[in-house]
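Enquirer: Here the sequence shown is numbered in this note's numbering, starting from 26 and rising by one per residue.
Worth flagging that the hints you see were computed from the coordinates, not collected in a lab.
Each hint should be verified, as a subset may be incorrect.
To be verified - Pair ranges (Cβ atoms, derived): (1) Tyr185 to Val221: 47 to 55 Å; (2) Val165 to Ala87: 29 to 37 Å; (3) Gly90 to Ser310: 40 to 48 Å; (4) Gly225 to Leu88: 15 to 23 Å.
Where is the CB? At the ideal position from N, CA and C, for every residue including glycine.
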Amino acid sequence: MEALHLLFNAITVIFIAATMFTAGLGTTLSALRGVFTNVPLPALALTANMVVIPLLGWGIGALFGLPSASFIALVLVASSPGGPFGTKLAMVQNGDITAAGAMQVLLAAIGSLTFAPTVNAILTAAKVGKDVSLDVGTLVQTVALLQLVPFAIGLLLRRYAASTAQAWHPSAAAVSNVTFLIVLAGMLLGNWHDVVALLGSLTLLAGFVLATAAFAVGTLLATGPPVRRTTMGGVAAVRNAGPALAATGIAFADQPAILGALAGVLLSGLVAALPIAALLSSRRSSPGNP
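With the hints as constraints, model all of the structure from the sequences given.
Expert: Okay, here's the thing in structure tokens:
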């Protein structure tokens with residue numbers, strides 16, 4: 026089991042790095058500048074992901090009357106933006122991959138700093154859980170190594186070795202696609218007993234509703250054409266599991282109830298977001314649709 030766990034972690038790392046590398050290979054510096062110089066876009070994305078969606082997690086948890094473990098898991102997920110699946114969803118929906126990659130890295134980096142204070146504020150106000158304290162430096166390093174560095178390498182290859190970038194892009198995309206499927210299968214198989222245990226509760230529904238609402242909020246709080254707006258919706262819908270898992274281990278001693286709820290919320294969020302992205306891709310593949 027330990028060997029399988031290590032293998033899954035290794036494949037997950039490859040998936041994240043390959044996805045960000047692929048995004049970088051398809052990005053130009055001028056397009057990237059266009060994303061960050063459009064000040065309302067990152068400002069709205071930060072507002073949606075750092076403020077609105079954590080509050081949504083709190084509200085949905087309270088509305089559904091979730092037990093403490095599930096409420097904590099939902100708040101942890103809602104407060105952790107910048108998940109690597111965001112760029113993958115942009116690829117699935119034929120969206121704005123440049124904006125997705127840039128915003129995902131920005132959200133993950135800033136989210137490393139805001140995660141613990143946000144969770145603490147919500148859990149204190151809701152009178153649930155305990156103080157969450159994380160090694161911010163480690164989180165920032167993880168974001169840099171797994172997301173920013175591969176994205177930057179791909180971007181530089183595109184800038185200074187365009188023919189190489191063009192030749193490598195299909196292979197990098199294939200690695201991203203294959204490892205994506207393996208990670209999905211691993212998440213389902215590795216956590217199936219936790220998810221099954223939640224059947225009949227409102228935890229899975231809460232995760233599904235949170236992801237759907239986050240997709241809508243991310244889309245509405247964005248600027249630009251529909252393709253870019255729905256791309257921001259996809260980035261908002263899938264959250265960053267890393268800080269949430271770290272908090273569960275450090276602050277909650279890996280309580281099985283919280284770990285199970287966390288797995289259920291993350292998986293139900295993907296179940297909500299993937300069909301939306303696939304539907305958008307289908308519509309954009311039809312003649313005459315943007």
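Enquirer: Each hint needs a verdict: does it hold in this structure or not?
Expert: Results of checking the hints against the structure:
| no. | hint | verdict |
| --- | --- | --- |
| 1 | Tyr185 to Val221: 47 to 55 Å | holds (51 Å) |
| 2 | Val165 to Ala87: 29 to 37 Å | holds (31 Å) |
| 3 | Gly90 to Ser310: 40 to 48 Å | holds (42 Å) |
| 4 | Gly225 to Leu88: 15 to 23 Å | holds (18 Å) |
Hint check: no violations occur; every hint is consistent with the structure.
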